[in-house]
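Q: Top to bottom, those sequences are chains A and B.
Counting with the numbering used here, you get residues 1 to 318 for the letters of the first sequence.
Counting with the numbering used here, you get residues 1001 to 1429 for the letters of the second sequence.
Don't read these hints as lab results, they were simulated from the structure.
No residue lacks a Cβ here, since even glycine has one placed at the ideal position from N, Cα and C.
Any given hint could turn out to be false.
Said to hold, decoys possible - Some chain A residues flagged as far from chain B (calculated, every beta-carbon gap over 10 Å): (1) H55; (2) V170; (3) D173; (4) T242; (5) V244; (6) V251; (7) D267; (8) K289; (9) I291; (10) M293; (11) F304; (12) H305.
Said to hold, decoys possible - Cross-link-like lysine-lysine pairs, in silico, DSS-like; alpha carbons within 27 Å at most: (13) A:K5 to A:K51; (14) B:K1179 to A:K296; (15) A:K35 to A:K53; (16) A:K125 to A:K270; (17) A:K246 to B:K1324; (18) A:K5 to A:K53; (19) A:K296 to B:K1146; (20) A:K81 to B:K1146; (21) B:K1179 to A:K309; (22) A:K289 to B:K1179; (23) A:K296 to B:K1324; (24) B:K1146 to A:K71; (25) B:K1113 to A:K289; (26) B:K1179 to A:K246; (27) B:K1324 to A:K289; (28) B:K1171 to A:K309; (29) B:K1113 to A:K67; (30) A:K16 to A:K67; (31) A:K246 to B:K1113; (32) A:K289 to B:K1146; (33) B:K1113 to A:K81; (34) B:K1324 to A:K71.
Unchecked claim - Coverage of chain A stretches by chain B, computed from C-beta distances (three or more under 8 Å per stretch; other residues unrestricted): (35) 4-16; (36) 295-303.
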Amino acid sequence: MGYTKDQLLARLQELKIYFTCYDHPVVLTVEEQAKHVGHLGGALSKNLLLKDKKHRLYVISALAGTKVDMKILSQRLGLGKGGLRMAPEENLLEVLQVPLGCVTPFALINESASAVSLLLDQGFKSKQICYFHPLTNDVTIALSSSNLDKFLISFGKQPAYVDLEAAPAVGKDNPPDLAHLVPSGVPNSSEQPVENASHTNVPHHQNNVPKETEVKAIMTISKVQSKGAETSSKVDKPTTNTSVDKFVNDVFDIISPLLSEELKKLDIKKEELSSILDGLRGRADPDLKSIAMTLKNASYTNGFHAGFKTMLHRGLNG
Amino acid sequence: MEVGAQREATQPMLVVQEETPPVVGVRAKDTEHETEAAAVELVVTQSEVLAPEGRMDYDKLVDLFGCQRIDAALVHRIARLTSRPPHRFLRRGVFFAHRDFNSVLDLHEAGEKFYLFTGMEPSSEALHLSHLIPFMFTKYLQDAFKVPVVIQLCDDASFLRNNNLTVAECKRLARENAKDIIACGFDIQRTFIFTNISYTRGAFYENILEVAKRVTCEDSIGIIGGSQEDNIGIVGFPPVEAAPSLPSSFPHLFPRNDQPRCLIPCAIYRDPFFRMIRDVAPKIGFQKPSLIESKILPALQGEESSKMSASNPNSAIYVTDSPKQIKTMVNKYAFSGGQSSVELHRKLGANLDVDVPIKYLEFFLEDDDEFEHIKKEYKDGRMLTGEVKQRLIAAISEMVSRHQRARAQVTEEMVDAFMELRPLPNMFG
Chain A
1 MGYTKDQLLA
11 RLQELKIYFT
21 CYDHPVVLTV
31 EEQAKHVGHL
41 GGALSKNLLL
51 KDKKHRLYVI
61 SALAGTKVDM
71 KILSQRLGLG
81 KGGLRMAPEE
91 NLLEVLQVPL
101 GCVTPFALIN
111 ESASAVSLLL
121 DQGFKSKQIC
131 YFHPLTNDVT
141 IALSSSNLDK
151 FLISFGKQPA
161 YVDLEAAPAV
171 GKDNPPDLAH
181 LVPSGVPNSS
191 EQPVENASHT
201 NVPHHQNNVP
211 KETEVKAIMT
221 ISKVQSKGAE
231 TSSKVDKPTT
241 NTSVDKFVND
251 VFDIISPLLS
261 EELKKLDIKK
271 EELSSILDGL
281 RGRADPDLKS
291 IAMTLKNASY
301 TNGFHAGFKT
311 MLHRGLNG
Chain B
1001 MEVGAQREAT
1011 QPMLVVQEET
1021 PPVVGVRAKD
1031 TEHETEAAAV
1041 ELVVTQSEVL
1051 APEGRMDYDK
1061 LVDLFGCQRI
1071 DAALVHRIAR
1081 LTSRPPHRFL
1091 RRGVFFAHRD
1101 FNSVLDLHEA
1111 GEKFYLFTGM
1121 EPSSEALHLS
1131 HLIPFMFTKY
1141 LQDAFKVPVV
1151 IQLCDDASFL
1161 RNNNLTVAEC
1171 KRLARENAKD
1181 IIACGFDIQR
1191 TFIFTNISYT
1201 RGAFYENILE
1211 VAKRVTCEDS
1221 IGIIGGSQED
1231 NIGIVGFPPV
1241 EAAPSLPSSF
1251 PHLFPRNDQP
1261 RCLIPCAIYR
1271 DPFFRMIRDV
1281 APKIGFQKPS
1291 LIESKILPAL
1301 QGEESSKMSA
1311 SNPNSAIYVT
1321 DSPKQIKTMV
1331 NKYAFSGGQS
1341 SVELHRKLGA
1351 NLDVDVPIKY
1361 LEFFLEDDDE
1371 FEHIKKEYKD
1381 GRMLTGEVKQ
1391 RLIAAISEMV
1401 SRHQRARAQV
1411 TEEMVDAFME
1421 LRPLPNMFG
């Protein structure tokens, strides 16, 4: 079966992840949880397990106060307007292997959840302490988001922080900004496959997923995989990007590391380094954008006139 | 659209007094906004903006006109939708009022399109800072929302209004002004600049006729703030300035079956003018254009005098000014809210309500923290007028030299390309 709470906590301790643990009666909702730990000053989370039309699963973990609009999220993931729904109870039990009311990012440690996409609220980053259930809902553990990241990375899950309240327009010319978070079905290479025991730290409780679900999971994964391949090839097609903003960002991306290197030689502290770079960037930004736009407009102008002369020369019959 | 353009005579556009009803072409339904019981007379003219207390009462103006205020929630919504920090004009409340801007945001959120329309009346060779404000903001809107901009140069109005200008000269001024507009950083792939004298024909002219048929002579005179003595050219002008807010005026840009909504960034005193087209557009079968409106940059001498105007050289800083000229202008003419002596100043602090350098910093200093710091120190008397002016000079000089650099790179060919009737395939990308 899946990890137990104790196994999870033991794992956290092994990874030297600092957390505090609070016991309380079983709670099924955020409000109930708040009654027991809300006064302690940390940030409560609300966790949803969502499913799309292709049966891919998503754990959305957000600050209790964040408004999550499933329609907007669905569009941002590239699933269309009504692509996301609450997942049925079986998914909780079979895939996440947690009881009802206990959706939590920690459940992703289970093998069965390897194809689940995790979306974390950007807001967690600014909170010192966040509250989650550790696989059972009679306990709440409190830890920082960076420690949560540490935990996720330990079994190969890259934390993905998202501004869940943002609502960028999604259309023909604005690709869905969260499309990369849709599970591709290709398991992360560093994730532990069922047989492999490369992570010596991990207690050897393999997930004995009942055979049926395994087969179903494999089928959905392979379907998703082929779809993933499709979409990725669409993404790879080169497009001429004439965005001045992107150009200026690229320039800074080139200069920043070089500058960092040189500044480090001068014994400048790491914290100062990033604020120096940010300050520089803020000051150079308007001028850089201005000259980039000038160059763009001038290039276009040259091309335009060249095209015009070509047409004149050729005549409209070519 | 034009800001601070030269005028031969001061012509009231909207005069509200206790007894007489409003003169401007304001529909009867709008008079509900004009009940003025107070003795305060608010006279808003096209070339002079005055208020008896010596300070523009924007709250009163908004209530009078009946437009809506832009609040913090709206600014936050803009930031969220565009995934970038809001422009300082929004953060500082320089662009502070609107009509139906929320509808534009709703449309944008739903994936619908809109386009921007702004412009000016070429009246002098050099632009001053006031002119730049709507263009700087429109450029920001273009980048933030990724939408096209149409820019109208009213060389015809300039000719009709100014007795000393020939048609050729107006056309030339329009091209020169176009270079300054381009220098503001508009994206040629998303921008169409046109002058009325060249563009008035075809679909654009048809829309002018549609609008003209629905506005009476009397109303038009009210809109331009004129009288029966004015030439019929200028009386007939409002439809020309209104037509670009109808997307079918640009058949090379917007196909017949995909007519986007129009958003017009402009200065607040243009509001009564655009009320006309908002009234007329639905009658022709178009959506009302939305407006987003700004405060007016005061003249250096302070708001008691008049707004920055090309006809009063001491009141304006030009985009052609050298750092030395800027320094002289600010030091000599910028009205200070500081006290008469250093001791008194340290004791009482500065009066931020009338201080012009602070007002200018509000418009032109980018860093919010620095601006707040300066305001506090100056108000508490710890910072002196001289220091505030120094900071302002630095900020304006930086902006002006950036503009001059960009302006120097604008060639005649570039102007031609901006003005060419070419398709803009990626204008919404």
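Q: Against each hint, give a clear statement of whether it holds in the structure.
A: Taking the hints in turn, this is what the structure says about them:
no. : hint              : in the structure
1   : H55               : holds (27 Å)
2   : V170              : violated (7 Å)
3   : D173              : violated (4 Å)
4   : T242              : violated (6 Å)
5   : V244              : violated (7 Å)
6   : V251              : holds (16 Å)
7   : D267              : holds (28 Å)
8   : K289              : violated (7 Å)
9   : I291              : violated (8 Å)
10  : M293              : violated (5 Å)
11  : F304              : violated (5 Å)
12  : H305              : violated (6 Å)
13  : A:K5 to A:K51     : holds (25 Å)
14  : B:K1179 to A:K296 : holds (15 Å)
15  : A:K35 to A:K53    : violated (36 Å)
16  : A:K125 to A:K270  : holds (20 Å)
17  : A:K246 to B:K1324 : violated (36 Å)
18  : A:K5 to A:K53     : violated (31 Å)
19  : A:K296 to B:K1146 : holds (16 Å)
20  : A:K81 to B:K1146  : holds (22 Å)
21  : B:K1179 to A:K309 : holds (23 Å)
22  : A:K289 to B:K1179 : holds (18 Å)
23  : A:K296 to B:K1324 : violated (32 Å)
24  : B:K1146 to A:K71  : holds (23 Å)
25  : B:K1113 to A:K289 : holds (25 Å)
26  : B:K1179 to A:K246 : holds (25 Å)
27  : B:K1324 to A:K289 : holds (26 Å)
28  : B:K1171 to A:K309 : holds (25 Å)
29  : B:K1113 to A:K67  : holds (26 Å)
30  : A:K16 to A:K67    : violated (33 Å)
31  : A:K246 to B:K1113 : holds (23 Å)
32  : A:K289 to B:K1146 : holds (16 Å)
33  : B:K1113 to A:K81  : holds (18 Å)
34  : B:K1324 to A:K71  : violated (57 Å)
35  : 4-16              : violated (count 0)
36  : 295-303           : holds (count 6)
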